[in-house]
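Once you have looked at the hints, place chain E on chain F.
2 protein chains.
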Amino acid sequence: MTRIRVHNMTMSLDGYAAGPDQDLEHPLGTGGERLHEWIFETATFRRTYGDRSDGPPEEGLDDEFARLGDDEVGATVIGRNMFGPVRGPWPDEEWTGWWGDIPPYHHPVFVVTHHERAPLEMAGGTTFHFVTDGVEAAVEQAVAAAGGLDVRIGGGVQVLQQCLRAGLVDEMHLAIAPVLLGGGERLFDRLDGGPHGMEVAEMVSSTRVTHVRLVRATP
Amino acid sequence: MTRIRVHNMTMSLDGYAAGPDQDLEHPLGTGGERLHEWIFETATFRRTYGDRSDGPPEEGLDDEFARLGDDEVGATVIGRNMFGPVRGPWPDEEWTGWWGDIPPYHHPVFVVTHHERAPLEMAGGTTFHFVTDGVEAAVEQAVAAAGGLDVRIGGGVQVLQQCLRAGLVDEMHLAIAPVLLGGGERLFDRLDGGPHGMEVAEMVSSTRVTHVRLVRATP
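Just so you know, the protein sequences line up as chains F and E, in that order.
Just so you know, we're using this note's numbering here: the first sequence kicks off at 1 and counts up by one.
Just so you know, we're using this note's numbering here: the second sequence kicks off at 1001 and counts up by one.
Only chain F is shown next, with the shape it has when bound in the complex:
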């Protein structure tokens, strides 16, 4: 049974998943990078993305949560801003994502956008599919493409909120960073009084961050 999962979604203590004054050059807003410092330290992140920290790669609780984000995932759904800074209709085929020639997905990725574009096959097994009929269609296509594995909702915040509103999420890992941003994009917002049908299964802290697992509530 394919599950729809969210991992490593990080918010500040005051509830923001990105800081204030977001723009195309600063997609995480002012101070937003500080949210993610915990994951930069993990062995899992550094194997995939390289070193953004001088310390040794860390294993332990944070790394365990980081690693779960890749386990048994056969397809990913992301919003257009996660794919790149281009807005409006695609001017050409030049932009191929933030990740260079070999994106770290190694499976089909469904990009929710208003603007059609042909599928983009990259080295290493990642193909970007551009879905123009909404997040539910993107999730449906991802499930079909996942080959029996799970589907990960990769973000950003708006795609996640759309999935939560549609009741599509089976499991969500959230990290709370010990950071105050004072403004920005709230994670728990635009949810019509929800997230409905979700409950907290676990809350545990490392020295860097607090991890929370939300799961679909048992009826």
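These are computed hints drawn from the structure, not numbers from a lab.
There may be inaccurate statements among the hints.
Facing chain E, from chain F, some residues (calculated, C-beta under 8 Å) [stated by the list, open to error]:
1) L13
2) G15
3) A43
4) P178
5) L180
6) G182
7) P195
8) G197
9) S205
Glycine included, each C-beta is placed from N, C-alpha and C at the ideal position.
Same frame as chain F, but now just chain E:
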């Protein structure tokens, strides 16, 4: 040096210090009681307020944080809603607080209100003073009355936000409960991009709740 402190202020995972649909009969809103279950279990709470749980009184991390709220406190500031459900001018002297004949403060308590009332001396050392010229005046009077001990901001949320906006808070203990309320009164709100001048000193989880200590940032 008298410090201005906040203790045991609890918010939900989605950021609410009280649930939706607050009214005079339900001052914590729908589901808001669930925020405080962790403290009902503590030995400190039960010594003061009695048993609201069937289990044994718990010591350990949660109890340590609960107990700190009473240590070295010489005066308390609260909002009118924390004192009682009466709204508008005081019709008479009948309402004397939620706590019965012997309130658990045992020191001067300054109630921020728009409506004048004579001081109310209770058994056990608690006197309620009604302050009509704002939260800063209430804190100033509390400092003068604390006899060199600290002043606690007891809540509710609006009084706390006013104190944070005015830069009055030296230290704040916040508990994050593994609860989703879906709406209600946001804790980190109406802070003009703040809390300014505060930083996170500690974040640690028990099995029931995550504790965070905010302190005045060192310049």
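So, going through the hints one by one against the coordinates:
no.: 1; hint: L13; in the structure: holds (6 Å)
no.: 2; hint: G15; in the structure: holds (4 Å)
no.: 3; hint: A43; in the structure: violated (22 Å)
no.: 4; hint: P178; in the structure: holds (4 Å)
no.: 5; hint: L180; in the structure: holds (6 Å)
no.: 6; hint: G182; in the structure: holds (4 Å)
no.: 7; hint: P195; in the structure: holds (6 Å)
no.: 8; hint: G197; in the structure: violated (10 Å)
no.: 9; hint: S205; in the structure: holds (4 Å)
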